[in-house]
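*Asks:* Spelled out from the first residue to the last, the chains are:
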Amino acid sequence: MAQLNEIIHQPARLRIMAVLVSLDSDLQPSFNYLKDLLELTDGNLGAHLRKLEEAGYIEICKTFINNKPHTYVEATSLGRRAFAEHVAALQDILQTNGHLANDNKKDS
Amino acid sequence: MNISPEEAQEALAVIQQTSDRIRKGHGYNGYYLMIWGVVWFVGFMVNQFLQSNLAVVGWTWGGLVLAAFVGCTVLGVNQGKYVRSQMGPRTGFFYFALIVFTALWYILLMPQNTKQGVVFFISIIMFGGVIVGILNRTLSTVIGSVSVTILALAGYYLLPAYFYLWEAIFGGLAMFVIGLVLRFWRWR
Numbered sequence: 001m002a003q004l005n006e007i008i009h010q011p012a013r014l015r016i017m018a019v020l021v022s023l024d025s026d027l028q029p030s031f032n033y034l035k036d037l038l039e040l041t042d043g044n045l046g047a048h049l050r051k052l053e054e055a056g057y058i059e060i061c062k063t064f065i066n067n068k069p070h071t072y073v074e075a076t077s078l079g080r081r082a083f084a085e086h087v088a089a090l091q092d093i094l095q096t097n098g099h100l101a102n103d104n105k106k107d108s
Numbered sequence: 001m002n003i004s005p006e007e008a009q010e011a012l013a014v015i016q017q018t019s020d021r022i023r024k025g026h027g028y029n030g031y032y033l034m035i036w037g038v039v040w041f042v043g044f045m046v047n048q049f050l051q052s053n054l055a056v057v058g059w060t061w062g063g064l065v066l067a068a069f070v071g072c073t074v075l076g077v078n079q080g081k082y083v084r085s086q087m088g089p090r091t092g093f094f095y096f097a098l099i100v101f102t103a104l105w106y107i108l109l110m111p112q113n114t115k116q117g118v119v120f121f122i123s124i125i126m127f128g129g130v131i132v133g134i135l136n137r138t139l140s141t142v143i144g145s146v147s148v149t150i151l152a153l154a155g156y157y158l159l160p161a162y163f164y165l166w167e168a169i170f171g172g173l174a175m176f177v178i179g180l181v182l183r184f185w186r187w188r
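Those protein sequences? They're chains C and X, same order as listed. Note that our numbering gives residue 39 to position 39 of the first sequence, counting from 1, and the numbers run on in steps of one. Note that our numbering gives residue 53 to position 53 of the second sequence, counting from 1, and the numbers run on in steps of one.
It should be emphasised that the hints constitute simulated quantities derived from the structure, not laboratory data. Watch out, some of these pointers could steer you wrong.
Computed list of lysine to aspartate or glutamate pairs in DMTMM-like fashion (alpha-carbon distance at most 25 Å, straight line) [what the hints assert, rightly or not]: (1) K81/X x E6/C; (2) K35/C x D20/X; (3) K62/C x E85/C; (4) K35/C x E10/X; (5) K81/X x E53/C; (6) K68/C x E85/C; (7) K51/C x E6/C.
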């Protein structure tokens with residue numbers, strides 16, 4: 001049975017990882033784009049990214065474009081696997097409690 | 001770590017909403033396909049119905065391809081504000097080199113007629129699509145490129161009189177519709 005991931009489960013980090021794994025694997029969103037999209041402050045986003053980076057789930061790439069610093073973020077393969085396992089664990093919880101079955105009945 | 005089924009459902013809903021938003025906002029491949037779909041559709045329609053007027057055909061294709069390159073560049077620059085692509089620039093250079101080499105092979109091999117030349121161009125550019133699809137690990141690009149090649153060959157051999165119309169519909173229009181789907185369809 002898949003295990004829940006405490007680092008990923010935090011709401012802001014869950015959304016960050018959802019963004020990163022939803023993009024094609026060769027695409028890296030910029031820090032500012034993530035900040036606007038997730039409606040987080042610089043400090044808040046930075047702290048969550050550091051936490052994910054420490055766990056090895058993301059890589060932060062800093063670069064200069066026209067002498068201006070730019071930060072891009074991407075999910076590592078470890079991060080993608082951890083996120084997939086976390087999603088599987090969430091689905092397991094629902095299945096064992098019959099929530100998905102009820103939802104399907106409602107949909108049909 | 002333990003959470004309730006309600007919390008699990010809430011977390012999954014957040015993931016789904018975020019993924020939907022990203023996929024909807026980043027259907028750039030759809031835009032590229034739509035642009036080239038319009039080029040193929042208009043270009044081949046002109047080929048089909050004004051083929052006696054070579055100057056019109058030539059200028060139309062020249063103008064369309066130039067406009068498409070400008071459009072793709074604008075899209076690429078706009079995309080770059082939000083996301084950086086590792087493969088994007090390399091793919092662009094690859095296609096540029098492929099087009100230059102295709103033009104060279106065209107001059108060296110001199111196809112017997114315009115239709116044969118068109119199939120020659122399509123097959124080589126689609127061969128490029130297969131290579132890019134393999135390198136990017138996007139099966140849909142490989143399948144799409146092979147399908148376009150097979151359709152072009154089918155039109156060339158089976159319906160030579162309507163070949164350009166065939167390409168406008170099964171090449172251009174199909175590309176445009178696939179682009180629309182990629183851009184606006186919410187994958188579940």
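*Asks:* Determine for every hint whether it applies to the structure shown.
*Replies:* Quick rundown of the hints versus the structure:
no. : hint          : result
1   : K81/X x E6/C  : 32 Å, violated
2   : K35/C x D20/X : 18 Å, holds
3   : K62/C x E85/C : 29 Å, violated
4   : K35/C x E10/X : 22 Å, holds
5   : K81/X x E53/C : 23 Å, holds
6   : K68/C x E85/C : 37 Å, violated
7   : K51/C x E6/C  : 11 Å, holds
When the structure is compared with the earlier hints, violations turn up for hints 1, 3, 6 and for no others.
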